[in-house]
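These protein sequence lines map, in sequence, to chains U, D and E. Quick note: the first sequence, position 233, residue 233 per the numbering used here, numbers continuous. Quick note: the second sequence, position 74, residue 74 per the numbering used here, numbers continuous. Quick note: the third sequence, position 86, residue 86 per the numbering used here, numbers continuous.
These are calculated hints, taken from the structure and not from any lab test. The model shown is predicted, which means the values in this text are computed figures rather than measured ones. Hints are not guaranteed to be accurate.
[Claimed, not checked] Okay, derived cross-link-like pairs now, DSS-like style, lysine-lysine, Cα gap no bigger than 30 Å in a straight line: (1) Lys-50/E with Lys-218/D; (2) Lys-50/E with Lys-20/U; (3) Lys-28/U with Lys-134/U; (4) Lys-22/E with Lys-216/E; (5) Lys-216/E with Lys-110/U.
[Said to hold, decoys possible] Listing some non-contacts, in silico: residues in chain E with all C-beta distances to chain U over 10 Å: (6) Phe-48; (7) Leu-57; (8) Phe-135; (9) Val-144.
Cβ coordinates follow ideal geometry from the N, Cα and C atoms, glycine included.
Single-letter residue listing:
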Amino acid sequence: MPQIEIKSLNAYYDKLHVLKDINLNVEKGEILSLIGPSGSGKSSLLKMLVGLLTPKSGEVHLNNKSINYTNKSDLRSVREQIAIVFQQYNLFQNMNVLKNVCIAPTKIQKRDQKQVEEQAINLLEKVGLKDKLKSYPDELSGGQQQRVAIARALCLNPEILLLDEVTSALDPELVQEVLDTIRILASEGMTMLIVSHEMSFVKEVSNKVVFMDNGSVIEVNDPKVIFDKPKEKRTLDFVSKILKD
Amino acid sequence: MGYTIVYTQVLEFFPYLVRGALISLQIAILAFFGGMFFGLIFATIRTFGNRLMNNLVICYVTFFTNTPQLVQIYFLFFALPEVGILLSPFMAVLIGMTLNAAAYLCEIQRAGFLSIRQNELDAAKTLNFTLIQQVKYVILPHIMKVLFPPLSNHYIIMTLGTSMAAIFGVEELTGRALNINSETFRSIEVFSLTALIYIVITFIATFLLALIGRYFFKAKMRIIQ
Amino acid sequence: MERLLEEIPNFFTIWNIIFLGKAMGVTLLLTVIGCFVGFSFGGLLAIFRKTKGIILLPLRFFIIIYTEIFRRIPFLVSLLLMFYIFQIFKITDNLFVIATLTVCLIATAYIGEIIRSGIESINQTQWDAAEAMNFSYYQVLREVIFPQAWKVILPPAFSFFIMFIKDTALASQIGVMELTFAAKILNNKGFSPMLSFGTILVLYFILSFPLDRFGKYMEKKLASNRN
């Protein structure tokens, strides 16, 4: 049974049809990357999954349970299972690193504070930022902020992690440290949906790659197939243009 | 209680009020452009002038921005006659509003001058622009884009500010409302109608200014008062 | 000119000084109460204006209409309208109360806009990140948005406060005994208008200028903290 099932899903941003009849399955533990040109709907798909964009029609099933994104308790339960990291401005500027990571588990999930802090410190150590507990986001580099954002997402104990272009806003020399962090998570068996422009990384780390264009899913396949011998012409056009740079 | 709200009597005066609104606009436009003119001179002095002139302008601006416009006009109208200068109500209001506007518009325009970034000038210089070309193609468009929103905003404020002319007997919109009120005693009707006319005027003005701003100056128009 | 100098001791009697002091107090009271109420209710307006549910649509509609109305009418007209409404429906004939209420209504509209603007200046992703972690609308505002927004809100709010001191001068037109009305009274009593209105101009300046300087200092401090 797939962990995530999306059937015939349509979504709109005001009048703009951003997700057109999306059909997609994600297995548990799978690492699925979404690639495609700007505006193709990749980020919108992630936002939809976590309830920031309400679908107009279609079905979403999470762990075999149907989700109604207009229902408040469904929304709550989805967000307890899926965590998301954005391209930038993730961290709350008015809190230090430790508080950023701890606030949702303590205040929203109502877990024990000591236990949460312990987990937070472990996670921050894992992403290499244990010495920055009391720093504020504006004292950190972009790469450090993104690593904290990943730690924060993990502290929610999600089953599924969504990464929305998390390195796109970073200076080139800061990209690797974030990718390294993601590599570690990938090897630990977490289900991940990654939107990225880092093609070599995508090719290396993914189990499956999804090519999207203009709001639709064009092709879903093994990374080797997508990058070397894609079935669809549009995929080929995109991939050859990207890999040329 | 015994008071019923009936608009018919007051609605008969609607054209009279609208003509009053035109006078309000007239005052606002005259005072605005007067203020722009002097404000520009002051802003130039503040940016390029010598120490003495600079300080004089600072005193002027500080005084006029820290005291109420109403009292400034009261002073012009009641105190000046003591030294032999007699102003009609209309002139007192106009001069008062112009002097006041000059202070605020000086500061706004000065901010515009200061917003020119050295990079833009350097870029123009390396493209071999003459000084006049620099001004025409780089400096002026940039300044106008930066200045248009705050200037538009202040213009709207001034339009609403013309209502204090009524206190001195000028028959602009509010003045005429007071006239109608003393004649018909339909206070709520007349002042609510007057309020409505002001709302309509400012909506039209905001809309037109936003259009002009967007198409001629490519200015991002969101007027916050 | 000599006449003016002669009049000065007659003008600055103890009685007059106390009179002017009281009037100054009324001006300050109007301003402070207006801004305090304006900040509180303006904040509420801003918070409820950004809610999303259909149920609250009429409230949002009301807030938008209310704000637009009171920001697009001259102070004088608002005061006159309120004055006559109170008078005709015999609610109260206490001029200070009428003026204070009007002033509060006006300030709420203006400060509400300033607060709304401050809230909207916070990057949308901060909202998204919090909502995606199951923060409720009010939790996002309390834990994330307001702690950041206050720095953006404070300078224009303070500016408004200073401007408002000058706007209370219009309350003189419905007979409230604030500074401008005091000037008119002194003028009517026969004192030189230059002295009467001139002194009032100086008094307003004394109220406004230090606050203005403090505001600029505070703005500099907030800007440097941000960097």
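Evaluation of the provided hints:
Between Lys-50/E and Lys-218/D the alpha-carbon distance is near 29 Å, which keeps this suggested pair within the 30 Å criterion. Between Lys-50/E and Lys-20/U the CA atoms are separated by roughly 29 Å; this keeps the pair inside 30 Å, and the hint holds. Between Lys-28/U and Lys-134/U, the direct Cα distance comes to roughly 35 Å. Violation of the 30 Å bound is thereby established for this hinted pair. In summary, the hint linking Lys-22/E to Lys-216/E is supported, as the alpha carbons are separated by about 28 Å, within the 30 Å threshold.
For the suggested pair Lys-216/E and Lys-110/U, the alpha carbons sit about 43 Å apart, so the restraint of at most 30 Å is broken. With a minimum CB-CB distance of about 19 Å to chain U, Phe-48/E clears the 10 Å threshold, and the non-interface call stands. Taking the minimum C-beta to C-beta distance to chain U, about 16 Å, the non-interface status of Leu-57/E holds against the 10 Å cut. The claim that Phe-135/E lies off the interface is violated: its Cβ sits roughly 6 Å from the closest Cβ of chain U, which falls inside the 10 Å cut-off.
Not every CB of chain U is more than 10 Å from the CB of Val-144/E (nearest about 5 Å), against its label as outside the interface.
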